[in-house]
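Novice: Numbering-wise, the sequence shown is residues 1 to 88 according to UniProt numbering.
Take these hints with a grain of salt, some might be off.
To be verified - Here are the simulated lysine to aspartate or glutamate pairs, DMTMM-like style, with alpha carbons at most 20 Å apart:
| # | residue 1 | residue 2 |
| --- | --- | --- |
| 1 | Lys47 | Glu84 |
| 2 | Lys81 | Asp62 |
| 3 | Lys38 | Glu51 |
| 4 | Lys88 | Asp60 |
| 5 | Lys87 | Asp74 |
| 6 | Lys56 | Asp22 |
| 7 | Lys43 | Asp62 |
| 8 | Lys38 | Asp22 |
| 9 | Lys29 | Glu84 |
| 10 | Lys56 | Asp74 |
| 11 | Lys81 | Glu51 |
| 12 | Lys29 | Asp62 |
| 13 | Lys76 | Glu45 |
| 14 | Lys29 | Asp74 |
| 15 | Lys38 | Glu84 |
| 16 | Lys69 | Glu51 |
| 17 | Lys69 | Glu45 |
| 18 | Lys47 | Asp22 |
Stated by the list, open to error - What follows is a list of derived Cβ distance ranges for each label pair:
| # | residue 1 | residue 2 | range |
| --- | --- | --- | --- |
| 19 | Lys47 | Lys88 | 27 to 37 Å |
| 20 | Gly52 | Gly83 | 12 to 22 Å |
| 21 | Gly83 | Ala53 | 31 to 41 Å |
| 22 | Gly52 | Lys88 | 30 to 40 Å |
| 23 | Lys88 | Ala53 | 27 to 37 Å |
| 24 | Ala53 | Lys81 | 15 to 25 Å |
If you are wondering where the hints come from, they were derived from the structure by calculation, not from laboratory data.
The structure presented is a predicted model; accordingly, all values stated were derived computationally and were not measured.
Cβ coordinates follow ideal geometry from the N, Cα and C atoms, glycine included.
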Amino acid sequence: MTKMIAAVALTLAFAVSAFAADSVVYPAKNGNVTFNHKAHSTKMECKACHEGAPAKIAIDKDVAHKLCKGCHADKKAGPTKCGECHKK
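Let the sequences and hints guide you as you build the complete structure.
Specialist: Below, the structure written as structure tokens:
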């Protein structure tokens, strides 16, 4: 039974990642932010951003600045300045 549950969980995880968008555009008043999901998913595990099962994250300015900018600053990789993410 445990093996069956594990197999179903793995199948669902791979199915969700197969249907995930390659990139997502988040609208913002100072310029839209394009998030390259495919590039991020090859570098880190889903749980780095997603709680529970992977799904589109409801994101606002506070979440983006804490989750995205915080991770970029901590790892010293990725954009941390406004104009590096926000494009008009």
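Novice: Confirm or reject each hint.
Specialist: The hints, checked one at a time:
1. Lys47 to Glu84: Violated, at roughly 25 Å.
2. Lys81 to Asp62: With Cα atoms ~15 Å apart, Lys81 and Asp62 stay inside 20 Å; holds.
3. Lys38 to Glu51: Judged against 20 Å, a Cα distance of about 18 Å means the pair holds.
4. Lys88 to Asp60: Distance ~18 Å between Lys88 and Asp60 Cα, so the pair holds.
5. Lys87 to Asp74: violated (23 Å)
6. Lys56 to Asp22: holds (12 Å)
7. Lys43 to Asp62: The given pair, whose Cα atoms are some 23 Å apart, is violated under the 20 Å limit.
8. Lys38 to Asp22: OK: Lys38 and Asp22 at ~5 Å, within 20 Å.
9. Lys29 to Glu84: Satisfied, since the Cα-Cα distance of roughly 15 Å is no more than 20 Å.
10. Lys56 to Asp74: violated (23 Å)
11. Lys81 to Glu51: Judged against 20 Å, a Cα distance of about 26 Å means the pair is violated.
12. Lys29 to Asp62: holds (14 Å)
13. Lys76 to Glu45: holds (18 Å)
14. Lys29 to Asp74: violated (26 Å)
15. Lys38 to Glu84: Since the Cα atoms of Lys38 and Glu84 sit roughly 19 Å apart, the hinted pair holds (cutoff 20 Å).
16. Lys69 to Glu51: Given that 20 Å is the threshold and the Cα spacing comes to 18 Å, the pair holds.
17. Lys69 to Glu45: holds (17 Å)
18. Lys47 to Asp22: holds (17 Å)
19. Lys47 to Lys88: 27 to 37 Å: Hint holds: Cβ distance 33 Å, inside 27 to 37 Å.
20. Gly52 to Gly83: 12 to 22 Å: violated (33 Å)
21. Gly83 to Ala53: 31 to 41 Å: The hint (31 to 41 Å, Cβ to Cβ) holds, given that Gly83 and Ala53 are roughly 34 Å apart.
22. Gly52 to Lys88: 30 to 40 Å: Holds, since Gly52 and Lys88 (Cβ atoms, about 34 Å apart) stay within the stated range.
23. Lys88 to Ala53: 27 to 37 Å: holds (34 Å)
24. Ala53 to Lys81: 15 to 25 Å: Since the Cβ atoms of Ala53 and Lys81 sit about 33 Å apart, the hinted range of 15 to 25 Å is violated.
Hint compliance for this structure: hints 1, 5, 7, 10, 11, 14, 20 and 24 are not met, and every other hint is.
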